[in-house]
Amino acid sequence: MKTITKMFTALGLAVALFAAPAHASGGGQKNAEDYDFSFEGPFGKFDRAQLQRGWQVFKEVCSNCHSLKYIRFRNLTEPGGPELPVEAVKKIAAEYEISGEVNDEGEPITRPGRLSDAIPAPYPNEQAAKAANNNALPPDLSLIVKAREGWYYPWYISPFIKLFKGNGGAEYVRSLIAGYEDPPHGEEKEGLNYNPYFPGHWIAMPPPLAGEDVEYADGTKPTLIQEATDVAAFLAWASMPKMEERKRVGLMTLLYLGVFALLMLMVKKSLWSRVEH
Amino acid sequence: MSGHSTYEFKNPIARWVDERLPILSVVRGQLVDFPTPRNLNYWWTFGGILATMLVIQILTGIVLVMHFTPHTSMAFDSVEHIMRDVNWGWLLRWMHANGASFFFIAVYIHIFRGLYYGSYKAPREILWMIGVIIFIAMMATAFMGYVLPWGQMSYWGAVVITNLFSAIPVVGDQIVQWLWGGFSVANPTLQRFFSLHYLLPFVLAALVFLHVWALHVTGNNNPDGIEVKSEQDTLPFHPYYTMKDLFAILVFLMVYAAFVFYSPWYLGHSINFAPANPLSTPAHIVPEWYFLPFYAMLRAIPDKLGGVIVMFSSLIILFFLPWLDTSKVKSLKYRPLARQFFWLLVIVCLVLGIAGAQPAQGAWLLVARLATAWYFIHFLVILPLLGFIEKPKPIPASISEAVLGKAKA
Ligand code: HEM
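So the sequences go chain by chain: H and Z.
The opening position of the first sequence corresponds to residue 1 in the numbering used here, with each subsequent residue numbered one higher.
The opening position of the second sequence corresponds to residue 1001 in the numbering used here, with each subsequent residue numbered one higher.
Source of the hints: derived by calculation from the structure; they are not laboratory data.
Hints may contain errors.
[Stated by the list, open to error] BS3-like mimics (lysine-lysine), calculated; alpha carbons at most 27 Å apart, straight line:
hint : chain 1 : residue 1 : chain 2 : residue 2
1    : H       : K45       : H       : K221
2    : H       : K268      : Z       : K1393
3    : H       : K69       : H       : K268
4    : H       : K221      : H       : K59
5    : Z       : K1333     : H       : K268
6    : H       : K69       : H       : K247
7    : H       : K269      : Z       : K1333
8    : Z       : K1393     : Z       : K1328
9    : H       : K90       : H       : K45
All values reported here derive from a predicted model rather than from experimental measurement.
Please take these sequences and the hints and turn them into a complete structure.
Structure follows, in structure tokens:
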């Protein structure tokens, strides 16, 4: 038993030490503000009402500039997500015009959107997106929460923080959206805005929210930080739509392996108790 | 020790088959009756764990390929398709990605086990050398696999690593173009990496077969590092070691599952969730954690060719280990001095891993240089000398004596 304990302490240590990924230390980078999202931890789940509010913020504000190409309308109705009613989503989808298809005569057509369509992008291509945004490209947001990190700790604690708090992508988005500030010393940069959470601090995106940008159906007060939190949670779901299924299956897998391992330990012990070793 | 079992199969069909193709008696001789030292500890379970991980990688890989598209314009999208639309696709993808990491965790433990107990010494030199080849093939496989999802780190990792070959004098640039299939890392590169990433695991499986064959000729080493002298020293592989290995495999799989289900991208790089963009270089290009010690050595040398030579030498040197270690005693249990140098080497390798993740400048560069130097000093100077200087502790006459001695105490 002592050997096993030692074995796994060593293993854990090796993982912890080796996993320290290099991170940008880029000039006094500011840690995102820590926030306990409902979906954190091994049993965490998304808050449906929050996802629905976040979807509303995304649709009414962010989608003017950002695409969300890996999300299809039907995903909004599926379990583990915002779980909007199918009929409501069908209506939302039908408000969009889908182009790019041809009819039987070979002429380009447009048609109303369906559940199976991906959420249409605001611009037809990258060039158009850049032209409309001061030559900066608004990135697709379907993976943004997984593609960004919120913490900038020294290498010897960073791996442990990440193990318990995750990469901080959702916290980063939340802080970024609500974290615009007046630049220090009244400095100004053409077409750029000061935001201490953005790597490099100068971001091309103008402050997208100011508070009171949407009217929430569930009566929640749409303060700036509330909207930012909701849209960050929604984008976290968009990055990992299978998270709830993943954690559920994980629990069953670990229980199964645990019971199986315990049985094998008993088998092994009783076998080996009969021989010198 | 090896050879067929003399077992007579009672079942007439089994006997009929076995008389024509002795596959059943080989299985019986090698996997059931195989005489195994009775004193193996849990560090010996990592061979079985490695075999399990290889099977997991091959199985999840084959199914992933059914949904993956090896083209620069579609690879990233097809991985997201797997994650979002394919039934259980997220599970396959995370099992495969984390499987690579846990494969390396297991192989590093397995290798250091060999170093500690002197498993590379006569008569197991060839067994050890096949192991080193397996390790190198594993690294090639993992590197090419990491390129396939075509994220930012996939692309830039491929650029950095393939560019290393340009350091080779005279033909370097030609070799790099040949690797790329063009003048930059692009679609032809992705497609050949895909082809090779499918091929290499089967080469690996064949190498593992040779590895186990060699193992079954010499028999296992053991914690006391003394060869088996009589049947008293051994136990049949089944059920003693099959059951013990299965227990260890399950515990290992639990740690693996904890990552797959609860922190699936902890061991990776966030930036790889952004699609490859040849026009935007990430602030830090860092390989996966299991390459970090070698990456540190590469960057420790100010000269590109020198770095490449040092990095590859750190692997090549392992082939000569059986002859660099001059001590007659295998297990470090009986070599107090060598044991201390072993743990120093472990620390040095961990330090190299940490240094590999830091920007190669200032204090970290110095640390990486010192650790790289020590790595080579350990193998080229310390190990050869120790055999002459060190006075080993008395070694038990046989495994059964060692076991019974412990039982009495
Ligand atoms: C795909 C990777 C590998 C697999 C599947 C594998 C499998 C195995 C298995 C099943 C055993 C017997 C059980 C044990 O002693 O743990 C073994 C023994 C051994 N392996 Fe590996 N191995 C792999 C890689 C390596 C590597 C990379 C090395 C060294 C560089 C290595 C060196 C050894 C040695 C020296 C032994 C004999 C150990 C002894 O009995 O003391 N193996 N391997």
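Check: What hint numbers does the structure not satisfy?
Finding: Result: hints 2, 3 break, sorted rising.
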